[in-house]
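Those protein sequence lines, which keep their order, are chains A and B.
Its first residue numbered 1, the first sequence is counted upward by one per residue in my numbering.
Its first residue numbered 1, the second sequence is counted upward by one per residue in my numbering.
Quick caveat, the hints were computed from the structure, so don't treat them as lab data.
Some hints could be false.
Derived CB-CB ranges, DEER-like [to be verified]:
(1) A:Gly140 x B:Ser253: 51 to 61 Å
(2) B:Thr12 x A:Glu15: 21 to 31 Å
(3) B:Glu56 x A:Thr8: 22 to 32 Å
(4) A:Glu91 x B:Gly175: 44 to 54 Å
(5) B:Leu267 x A:Thr8: 50 to 60 Å
(6) A:Glu70 x B:Glu63: 33 to 43 Å
(7) B:Tyr264 x A:Pro86: 39 to 49 Å
(8) A:Glu15 x B:Val144: 45 to 55 Å
(9) B:Ala83 x A:Ile94: 35 to 45 Å
(10) A:Gly71 x B:Arg24: 40 to 50 Å
Distance condition first, Cα-Cα at most 25 Å in a straight line; then the derived DSS-like pairs of lysine-lysine [claimed, not checked]:
(11) A:Lys5 x B:Lys11
(12) A:Lys17 x B:Lys187
(13) B:Lys42 x B:Lys202
Just some of the chain B residues that point at chain A, by a computed CB distance under 10 Å [unchecked claim]:
(14) Pro36
(15) Ile60
(16) Arg66
(17) Gly205
Ideal Cβ positions, reconstructed from N, Cα and C, are used throughout, including at glycine.
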Amino acid sequence: MSSEKIVTLRVNGDEVKLIAPAHRTLLEALRHVGYVEVKCGCEKGDCGACAVLLDDMAVDSCLTLAWQAEGREVTTIKGIGTPADPDPLQEAFIETGGAQCGYCTPGMIIAARELLNENPNPTLDDIKKGLSGNLCRCTGYTRIFEAVSLAAQEMQKVGETA
Amino acid sequence: MLPAFELSQPKTLPEALKVLAAGRGLPLAGGTVLFPDLRGGKEKGREFIDLSGIDELRYITHEAKRITVGARTTIAEILRDPAMAGAAPALHKAVDNFAGTMVRNAATVGGNLCCGSPSADTVPALLTLDAEVELTRASGSRTVPLDGYYLDYKKTVKKPDELLTSVFWAPAEPGSAHLFFKLARRKGDAVTVTGVSVMIAKTDGKCSTARIALSSVAPTVFRAHSAEEMLKGQKLTPDLIERAAQAATDQSSPIDDNRSSANYRRLTTQALVCRLLSQAWHQAS
Ligand SMILES: Cc1cc2nc3c(=O)[nH]c(=O)nc-3n(C[C@H](O)[C@H](O)[C@H](O)COP(=O)(O)OP(=O)(O)OC[C@H]3O[C@@H](n4cnc5c(N)ncnc54)[C@H](O)[C@@H]3O)c2cc1C
Ligand code: FES
Ligand code: FES
Chain A
1 MSSEKIVTLR VNGDEVKLIA PAHRTLLEAL RHVGYVEVKC GCEKGDCGAC
51 AVLLDDMAVD SCLTLAWQAE GREVTTIKGI GTPADPDPLQ EAFIETGGAQ
101 CGYCTPGMII AARELLNENP NPTLDDIKKG LSGNLCRCTG YTRIFEAVSL
151 AAQEMQKVGE TA
Chain B
1 MLPAFELSQP KTLPEALKVL AAGRGLPLAG GTVLFPDLRG GKEKGREFID
51 LSGIDELRYI THEAKRITVG ARTTIAEILR DPAMAGAAPA LHKAVDNFAG
101 TMVRNAATVG GNLCCGSPSA DTVPALLTLD AEVELTRASG SRTVPLDGYY
151 LDYKKTVKKP DELLTSVFWA PAEPGSAHLF FKLARRKGDA VTVTGVSVMI
201 AKTDGKCSTA RIALSSVAPT VFRAHSAEEM LKGQKLTPDL IERAAQAATD
251 QSSPIDDNRS SANYRRLTTQ ALVCRLLSQA WHQAS
């Protein structure tokens, strides 16, 4: 049996301590302490449901070990925005109907967040490419792409008036 | 759930090499091959050495005579390197068409070179750059041309106590054309069905450098040397290009799998080598 270790990290700004053996994925460790907004799909990097930001970089938490998050900052969908203070992406997903069952949505928004951070004015092809690591079994993707495009436009408007 | 394993997390290269020399584990880089293989039962190792804390393996340097990429550099970091599109256009294209956002942020070039997959996307472009890899063990380093590094399906010349520490190449001749094409089921996040990279340079209207590398159509990625020889010193006519593409295809040994039939791979190898050679010939100056 492998030894356990206490891992200290920040999740959505809060300091969190996790007790985990070496083989515990960040996905399992986060869900275990209640961050169930991080979804478990394929557990092999194919679906993107488990995506979180690790120091502002989107990663699949099923391909990250809890030990590798030591001292780092994790952002889940709840750290991106809340019902009281939603992110433009979350508002746009509601607006366009980009979420149906919603299982893929946290990962979609995490990947879209990284895309918009790097490219505030993406083309449809940029959006498709940015979300190519995320699978959705409900929407057929069209409304998801519309949501990201709408969020980008909204953010540009805010940027112009600010 | 992953099967239980032990993990060491060295902070420096010498520390990692010491653990490796003691036979206490396999290197773990981005984990994008290793974790799915562990979960699927293909990977039997139960001791790993995490390379993610070793910052000295994470760099890209552009020097006059040499471009070097540290093994722990991620695919996303290569993609974001502002000088890479100019220094190695085919490599830049390969990392741009690589997996999806999250996997690109985790996957490393060292892992791509070491996993030994015939569909590893950085390999064709690095082969047509005539790249070399640095292999390091506790007692010292050696460099090995990438052309010759792969022995067979998932078999390389790297010994178990060696880490791949960097990959490097000389800048391409001015005016040369360096291309890559990845044929896959989708444009994003798909495994290569047929991959082709070419490097063509022209001197006095004749082909002075010809390099062709093919992926996913044999047990390893490989250089099509006989086709290259046909082109050197020649003017590339459509007829010559056709014959060279045939020679490259003859050197392939594709298989049927869930992505493509062997026959489709053969046909697309022929077509893509033709296409890339003529594009490169027109582009080279
Ligand atoms: C969803 C998904 C999509 C993918 N898409 C692509 C794609 O489009 N193109 C592509 O080419 N690949 C793709 N891959 C495969 C994989 O991401 C790449 O091959 C990646 O570069 C592997 O690197 P890694 O750092 O994750 O390797 P790891 O999984 O950490 O390691 C792979 C192997 O290499 C060894 N190793 C790693 N680094 C070293 C080193 N420095 N020295 C010695 N040995 C070492 C490890 O021991 C292990 O055996 C994909 C994978 C997934 C899950
Ligand atoms: S659960 Fe992590 S990518 Fe599918
Ligand atoms: S909304 Fe159901 S999987 Fe995407």
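Which numbered hints fail: 1, 10, 12, 13, 15, 16 and 17
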